[in-house]
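Using the sequences and the hints given, assemble the complete structure.
As a plain string of letters, each chain reads:
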Amino acid sequence: MKKNGFQSSAPKTLLPKCPTGIQGLDEITGGGLPRGRPTLVCGGAGCGKTLLAAEFLVRGAVQFDEPGVLMAFEETEKELTANVASLGFDLAGLVRRKKIVIDYVHIERSEVQESGEYDLEGLFVRLGHAIDSIGAKRVVLDTLEVLFASLPNEAILRSELRRLFRWLKDKGVTAVITAERGRESLTRHGLEEYVSDCVILLDHRVNDQIATRHLRVVKYRGALHGTNEFPFLIGDEGISVLPITSLALNHKVSGERIATGIPRLDAMLGGKGFFRGSSILLTGTPGTGKTIVSANFAQAAARRGERVLFFSFEESPDQIIRNMQSIGLRLEPLVKRGLLRFHSARPSLYGLEMHLATMFKEITTFKPHVVIIDPITSLMDCGTNSENKGMITRLIDHLKAGQITSLFTSLTQGGHALQQSEAAMSSLMDSWLLLQDYEGNGERNRVLYVLKARGMAHSNQIREFLISDRGIDLVDAYIGPSGVLTGSARAAQGALENAAVLAAQQEAAQLKREVERKREAIERQISGLRADYETEAQELRRIAEQVGTSTLMLTSERTASGILRQADAKTVVHPRSRARNGKVHS
Amino acid sequence: MKVQQPKKIRRATPAKKKTAAGQPADKHILRLFVAGATARSRQAILRVRELCASELQELCELEVIDIYQQPALARDNQIVATPTLIIEFPPPLRRFIGNLTNITGLFVELDLVRKVKINA
Numbered sequence: 001m002k003k004n005g006f007q008s009s010a011p012k013t014l015l016p017k018c019p020t021g022i023q024g025l026d027e028i029t030g031g032g033l034p035r036g037r038p039t040l041v042c043g044g045a046g047c048g049k050t051l052l053a054a055e056f057l058v059r060g061a062v063q064f065d066e067p068g069v070l071m072a073f074e075e076t077e078k079e080l081t082a083n084v085a086s087l088g089f090d091l092a093g094l095v096r097r098k099k100i101v102i103d104y105v106h107i108e109r110s111e112v113q114e115s116g117e118y119d120l121e122g123l124f125v126r127l128g129h130a131i132d133s134i135g136a137k138r139v140v141l142d143t144l145e146v147l148f149a150s151l152p153n154e155a156i157l158r159s160e161l162r163r164l165f166r167w168l169k170d171k172g173v174t175a176v177i178t179a180e181r182g183r184e185s186l187t188r189h190g191l192e193e194y195v196s197d198c199v200i201l202l203d204h205r206v207n208d209q210i211a212t213r214h215l216r217v218v219k220y221r222g223a224l225h226g227t228n229e230f231p232f233l234i235g236d237e238g239i240s241v242l243p244i245t246s247l248a249l250n251h252k253v254s255g256e257r258i259a260t261g262i263p264r265l266d267a268m269l270g271g272k273g274f275f276r277g278s279s280i281l282l283t284g285t286p287g288t289g290k291t292i293v294s295a296n297f298a299q300a301a302a303r304r305g306e307r308v309l310f311f312s313f314e315e316s317p318d319q320i321i322r323n324m325q326s327i328g329l330r331l332e333p334l335v336k337r338g339l340l341r342f343h344s345a346r347p348s349l350y351g352l353e354m355h356l357a358t359m360f361k362e363i364t365t366f367k368p369h370v371v372i373i374d375p376i377t378s379l380m381d382c383g384t385n386s387e388n389k390g391m392i393t394r395l396i397d398h399l400k401a402g403q404i405t406s407l408f409t410s411l412t413q414g415g416h417a418l419q420q421s422e423a424a425m426s427s428l429m430d431s432w433l434l435l436q437d438y439e440g441n442g443e444r445n446r447v448l449y450v451l452k453a454r455g456m457a458h459s460n461q462i463r464e465f466l467i468s469d470r471g472i473d474l475v476d477a478y479i480g481p482s483g484v485l486t487g488s489a490r491a492a493q494g495a496l497e498n499a500a501v502l503a504a505q506q507e508a509a510q511l512k513r514e515v516e517r518k519r520e521a522i523e524r525q526i527s528g529l530r531a532d533y534e535t536e537a538q539e540l541r542r543i544a545e546q547v548g549t550s551t552l553m554l555t556s557e558r559t560a561s562g563i564l565r566q567a568d569a570k571t572v573v574h575p576r577s578r579a580r581n582g583k584v585h586s
Numbered sequence: 001m002k003v004q005q006p007k008k009i010r011r012a013t014p015a016k017k018k019t020a021a022g023q024p025a026d027k028h029i030l031r032l033f034v035a036g037a038t039a040r041s042r043q044a045i046l047r048v049r050e051l052c053a054s055e056l057q058e059l060c061e062l063e064v065i066d067i068y069q070q071p072a073l074a075r076d077n078q079i080v081a082t083p084t085l086i087i088e089f090p091p092p093l094r095r096f097i098g099n100l101t102n103i104t105g106l107f108v109e110l111d112l113v114r115k116v117k118i119n120a
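Protein sequences appear in the order of chains A and B. The opening residue of the first sequence carries number 1 in my numbering; numbering runs sequentially from there. The opening residue of the second sequence carries number 1 in my numbering; numbering runs sequentially from there.
Think of the hints as simulated: they come from the structure by calculation, not from any bench. The reader is advised that the hints may include incorrect statements.
What the hints assert, rightly or not - Where chain A lies over chain B, by a calculated footprint (3+ residues, C-beta under 8 Å): (1) 29–42; (2) 55–67; (3) 87–100.
To be verified - DEER-style ranges, computed between Cβ atoms: (4) ASP90/A with PRO92/B: 34 to 40 Å; (5) ASP208/A with ALA72/B: 48 to 54 Å; (6) SER196/A with ALA72/B: 30 to 36 Å; (7) PRO92/B with ARG162/A: 22 to 28 Å; (8) ALA72/B with GLN113/A: 21 to 27 Å; (9) THR101/B with GLU184/A: 57 to 63 Å; (10) PRO92/B with TRP167/A: 48 to 54 Å; (11) THR101/B with ARG162/A: 42 to 48 Å; (12) LEU14/A with PRO92/B: 54 to 60 Å; (13) PRO92/B with ASP132/A: 32 to 38 Å; (14) ASP208/A with PRO92/B: 48 to 54 Å; (15) SER196/A with THR101/B: 31 to 37 Å; (16) HIS106/A with GLU63/B: 50 to 56 Å.
Predicted, not measured: the structure shown is a model, and the values here were computed from it. Where a beta carbon is used, it is the ideal one built from N, C-alpha and C, also for glycine.
Encoded structure:
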């Protein structure tokens, strides 16, 4: 409802804002605190109220050339200077250069006796004098509520505080008033009643033994602001609030592809590997080789001359280097050349935000091309589900904005819950590789799938993942009627198949021999028959010759006898009669 | 408390040194801080003067400071409320805030009145 009103109004009605310079806070509040108005910062003990106020003042003086007045009711100038020095602020120097005035207000209750009516004009005069002496634009009152303990008459105090805030507004200074958190109200003495323009609530909670500070803008009159609770931390460079949703989804993408260090895996990913600047999730049950794949990826990138930042939350750098040596991955030279940097930390060392901030810092200083986080899951034990998702979103946004390729390994407990538990994370990832154990025949074998690879054609096939002292190798798993076979089963199946082929070959040879024999038999038969035929034909010829001879002899005898009988019949010697005779004989 | 008290006296050293060196021990040094010429300021000034004149006479050294004129002194003397009467000497340091409607009672409480009477 506030949003609609905000959007419909013209930009000229926008509230003038006073940038705090505090990382992330200006993003949440859309530019800073309301200029010329008081802002109430409330919270329990030790949640960083004073530091927030002090940083507002120091950054104002240093970055925005707005001098400031710090009216301290609790700590002396010396104490304050020492306290903020841990954040790298030189308060004493700023005081010397007349950028900041610190006025320590102290009322010793035992010295004071009330006698009649009074007002707090003394405070006004001191504040006014301090503001005018350096032309201050910012004022911090830390913690005004101490007055309630020091001055006996609360009615006077309340009316005077109301007057003070009015006066601050009239002075046109941007004020930050800190107050202790109350039991039921925002502040113990109901200061929120007087400061109604902007209220920021700080909170320090312990979740699972890990303390996290949170910041929430409860109220910001006249401006759109992030209403969520944002984790923040106090690092050595001041406060940084980590707004999860402040970054828009508009990062540039690269079409460049980078190799994974495993040629077969590249082949599975459309032949070229991952996109530069994409986020890759590598899930797997324990001992499936996640770190090895990561190390391979790291080595491949470093060999291309890219800088790789390896966040390890389980192993020390030396341990990783030693273990990778065993599979022929030599990382040490890359570390020495400054291409590979390890950052190891125990996940439970500090809260999620601190981890995130440390990682951001490492990333900013090292400027890596590839970031590996091994494993993201142990980091996720630090926070609640929503915190984790927020953290990963923020991390991925940060990395993508810088076109940094990121590889996250994720340890899963196996079984079907695997994909469910990763549901929240996986939607943020561009590519997802799954490493799995295949159990059977008394052995476990590693397999690898590409579950998802946005923007590229990728293999849907299972690959067996072999780790040897020469590194990683991917081989085709056996896929047949009896299912997917890996390891020795795959080998056994191979042998079985070889035997089958051999048997078939032998059978064929046998058949061939038989056919040959048959052919020979037939041929023998044919030659036998031919021989018979030949004999018969010979016989026939012989008989025909005989008949011929006998006919001839007969004819010649007849002729001779005819001559003898002087017969006149010459016609007797006729071919037809001869043939007829022959026929008769045969 | 014990640590802070001498600190505060030290802050008002110029006045104290002067008195400690040359003044009699029962000399009273009072400072009244007011903010401008308001009704409250006037009331406070009048009452203190009256009391000093009647009870302490020449043993009383009263300084009236308008913090509008000398804002730095407000800071140096840790003034928050006005009017504030600071009894700097004799120790311990005492502050009375308000327009001093019942100042006589407070003086009695501090043995100031009785002491003067005994001396007299």
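Quick rundown of the hints versus the structure:
Counting residues of the region 29–42 of chain B whose C-beta lies closer than 8 Å to any C-beta of chain A gives 4; at least three are required, and the coverage claim holds. Residue count for the region 55–67 of chain B with a Cβ under 8 Å from a Cβ of chain A: 1. That is fewer than the three needed, and the coverage hint is violated. Counting residues of the region 87–100 of chain B whose beta-carbon sits less than 8 Å from any beta-carbon of chain A gives 9, enough to reach three: the coverage restraint holds. For ASP90/A and PRO92/B, the Cβ-Cβ distance of about 38 Å falls inside the hinted range of 34 to 40 Å, so the restraint holds.
Distance hint for ASP208/A and ALA72/B: a CB-CB separation of about 53 Å, consistent with the stated range 48 to 54 Å. Checked against the hint of 30 to 36 Å, the C-beta distance between SER196/A and ALA72/B comes to roughly 33 Å, which is consistent with it. Take PRO92/B and ARG162/A: their Cβ atoms lie about 34 Å apart, and the range 22 to 28 Å is violated. ALA72/B and GLN113/A have their C-beta atoms about 25 Å apart, which keeps the hinted 21 to 27 Å range intact.
At roughly 36 Å, the beta carbons of THR101/B and GLU184/A sit outside the given window of 57 to 63 Å. A hinted range of 48 to 54 Å for the beta carbons of PRO92/B and TRP167/A is inconsistent with their spacing of about 34 Å. Remark: the range hint 42 to 48 Å for THR101/B to ARG162/A is contradicted by a beta-carbon distance near 24 Å. Distance hint for LEU14/A and PRO92/B: a CB-CB separation of about 55 Å, consistent with the stated range 54 to 60 Å.
Taking 32 to 38 Å as the suggested C-beta distance range, the pair PRO92/B and ASP132/A conforms, at roughly 34 Å. Distance hint check: the CB atoms of ASP208/A and PRO92/B are about 52 Å apart, consistent with the given range 48 to 54 Å. Restraint check, SER196/A to THR101/B: a C-beta distance of roughly 35 Å satisfies the suggested window 31 to 37 Å. Evaluation of the 50 to 56 Å hint for HIS106/A and GLU63/B yields a failure: the beta carbon distance comes to about 21 Å.
Hints 2, 7, 9, 10, 11, 16 from the list above are not met by this structure, while the remaining hints are.
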